[in-house]
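Since chain H is already given, all that's left is putting chain Y on it; use the hints.
Sequence order for the protein chains is H and Y.
Position 23 (the first sequence) corresponds to 293 in my numbering; numbering is contiguous.
Position 29 (the second sequence) corresponds to 299 in my numbering; numbering is contiguous.
No lab work stands behind these hints, which were simulated from the structure alone.
All figures in this text were calculated on a predicted structure; none of them were measured in a lab.
If chains are identical, the list can't say which one is meant, so a pair holds when it fits in one copy or spans any two.
In silico SDA-like cross-links for lysine to any residue, where the CA-CA straight-line distance does not exceed 20 Å: (1) K685 x T317; (2) K305 x P322; (3) K342 x I332; (4) K580 x G547; (5) K594 x V625; (6) K685 x D320; (7) K685 x P322; (8) K745 x Q541; (9) K303 x A323; (10) K293 x P306.
Number of protein chains: 2
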Amino acid sequence: MKKYDKLVTNAAGRVVPVFFNGKEHTPYMGVGKYKPTGRKYAPPIATCADYPADGDKRVPSIKEALIRAGIKDGMTISSHHHFRNGDLIAVQVFDAAHELGIKDLVWYPSASFPCQERMIEYLEDGTINRIEGSMNGPLGKFTSEGKMKGMSVLRSHGGRYQAVQDGDVHIDIAIIAAPTADPFGNATGDRGPAACGLLGFALADSQYADRVIVVTDNIVPFPCIPWQIHGNYVDFVVEVDQVGIPERIISGTTEITKSPDRLLIAEMTAQFCDEAGIVKDGFSYQAGAGGTALSIGIYFEQMLRERKIKARFIRAGSNKYPVKMLEDGLVDYILDGQTFDLEGVRSMRENPGHVNTSPFTSYNYHGKGNFASMVDVVILGATEVDVHFNANVVTHSDGYLLHGIGGWQNCLFSKCTILPIPLFRDRMPVVVDEVTTLCGPGELIDVIVTERGIAINPLRQDLIEKFKNTSLPVKTIEELKAEAEKICGKPSKPELSDEIVSVIKWVDGTVLDAVRKVNPK
Amino acid sequence: MKKYDKLVTNAAGRVVPVFFNGKEHTPYMGVGKYKPTGRKYAPPIATCADYPADGDKRVPSIKEALIRAGIKDGMTISSHHHFRNGDLIAVQVFDAAHELGIKDLVWYPSASFPCQERMIEYLEDGTINRIEGSMNGPLGKFTSEGKMKGMSVLRSHGGRYQAVQDGDVHIDIAIIAAPTADPFGNATGDRGPAACGLLGFALADSQYADRVIVVTDNIVPFPCIPWQIHGNYVDFVVEVDQVGIPERIISGTTEITKSPDRLLIAEMTAQFCDEAGIVKDGFSYQAGAGGTALSIGIYFEQMLRERKIKARFIRAGSNKYPVKMLEDGLVDYILDGQTFDLEGVRSMRENPGHVNTSPFTSYNYHGKGNFASMVDVVILGATEVDVHFNANVVTHSDGYLLHGIGGWQNCLFSKCTILPIPLFRDRMPVVVDEVTTLCGPGELIDVIVTERGIAINPLRQDLIEKFKNTSLPVKTIEELKAEAEKICGKPSKPELSDEIVSVIKWVDGTVLDAVRKVNPK
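Bound-form chain H, shown alone:
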């Protein structure tokens, strides 16, 4: 079977395959244009008659659980990334599968991390056929160089939920590593030796997988409260010595930036939001865990404090900064998708105003609405932005896969999406003629803030009007590009082959772009 077939030019003008991994896919049709007509995936009906009446679903090992779950060649096995670079379980699962001689598995993580580098061995020896999830670091290099047997597929957090819910991806066996669980399978992330906050990325897996295995190092008597994951969806519970390394759960980027350029970008972004009338009593925002985003959050905090007003909610990736704001009464709620430090974990455990969310509530585009579109302003990063405001978040300008999509695509639906980015990185312009990989359609990106100027999307005439007399350096995106090229020179295109190594899905499951193989220099 060919790895992919049927190349078409989609509504974004991108040439993408609509046949890969043995299935037909739909090309991207434009924002909000693809209307699903089908029904959600329907998992098999279980019966209590097949489960222990005393609720004790424990089995002795991961391998035993996989055997009882009926593992076989070609199955899809999922995992979540709330332990981030401290995950200890995903690799053990594929170790066990490898020992059992299983081949051609699909690994469906909600994100991958450098601690999972060993998966490369299993990709090489045929235990794993492909990853549908994020490919970064060594996995990104492996993928970019065309070494993955199957077609890797990149989805946003919301797109991952959508794909499972809609049956685009059928999870045979879900692995849910949990900091605390009871023998019935109720599980929580907010307590235990390896507390990671929440388990929302595993929600779809629990609801839709044929078999669900909870792995924990902290068994408590029934009931495990809170039950972020319902034991009623769980087949087996495995006790291990250690489920995650707490100090590596923490994201590397939870300190505000010290770079003068980035501080300037942060200040300009905050001022822009203020002049735009966004920062007001009851407003809401989402800012990630990067240094610039954190700094913008600090500026918002100062404004709230000085004006004695209150935000209604912060969508997070939480860390100590929004936690402090919550505790100081500067915001009513943190709606949190993943905790980035231990203060976030503590707050989620202790504070009813620090609410755990999931890709279902926040990001699933195939729901009856989601939270993302209700956020007043969202601050996101990008590796490249083009003159049509299209943005790239997965590949670097050399063509290598660097990042997963995360919640990035989903967040674009906010009321105002701002990308505070440096105008160039390592003397490579960030504002370009055309992005290497299209991850976000320009129509959803409202503002680019760089250290040398701010560009407002012409679609936002309301904002352009508002900023006619601003002191901020508002320019056109073309002006920004020219300025970058004046400094760095016209960037050379990355040397890419025609061969497609990865596919970028849009939030509705359609094929937005394809990533080409890099010809190593």
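Then chain Y, alone, in the frame of chain H:
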């Protein structure tokens, strides 16, 4: 179309129809014997593109919401009963349907109450074809006298979830009356002018109905926290002046019994549990809101207090008694399915140890286990018990439908099921040769406690062994029956026609029994 057809004798020896309301059904095959092979019901895939980006789903009225939901003849409309006899919304929905000239609706409440008596008009004029839910009071009389056009179907709370999840019942439009909600449809029962505690009975409706309408009298800005119902499942939100009458939300039976006979039964039951070794550190129990059950709870509380031990959890219907126990540290958790008084509501709002549950977590037999089978002892009522320990909870000895099944069938799966019942009521024996209606198979009922003796099911040889030298009056069930008949005389059978007016489903969706039409005297 015939109202019903295809009579068979099922595994319990009951003659039941396996065709009614236009569909085939499966006859009861024995406890744990029916193994489902299908898949869960798959609701249509929605898309955010069809919902307001600002999350405001409000429409001006219930009628308008029904029109936008596409109401038409023959649809199934669901409602929940957390407002109990203070519900104001269900009747308004059918008022609106009636005004729109809609016919042949199926009403699918989680339970019905006397405040909904007006539904009889709509049953009579053809607006409603039938009720699939509980029929009691005036609705019970109406049904028992054969006046309902379609076949009424009685399900347990868990069976209701199972029926929706499995697609046995397809809800076209779910009505979720909510004490507090936001414009997106996130809703909670634990606060607001008509706070009723939780909304767990509406969970299946929210997850599986084609269209979901939240009705509230207390709109808060997004996000409504907690969100017991996810707005991501909700289509429309309607604001009304009053959603429920708080003083009628309270169940009538939240005071301990003063009857000497019932107090004796309660005391004997508690002593039985103690001698059986059930009352110990970390144990769990479920006792309903009836006077006898409450009194048993008081005895348990005394034992815990005196022995300085702690229960792990109480499954409830909560009221002030378990709330006090939770606050006094006598139990770790209340796992609550419905609040029976305002102390229960307050505690659920304030205490993280007072956990809201749903028929999915607690009772759904077609899950990967549920909570009911993990409870150490459960105290239930019955209208009749026969010499095979089969029990009836829906019809009185005169044949009239009196009660819904509630969680009764689901609770039978506990480790020890005890029915504390009077030996006779109004000079009619409660222990009989054969129950009028079979609701619970005898093999799941362990102990009968009456004021004149205790009968242990011969299947529980372990308990019989344990009670060889007890001071409690342990007798055979035949002895109890003989004693009842000595006092009351042999009871006469109710005068019933052959015509079937209602069907009793078992927890797995099979047909357990049928209720015959009463010939009014």
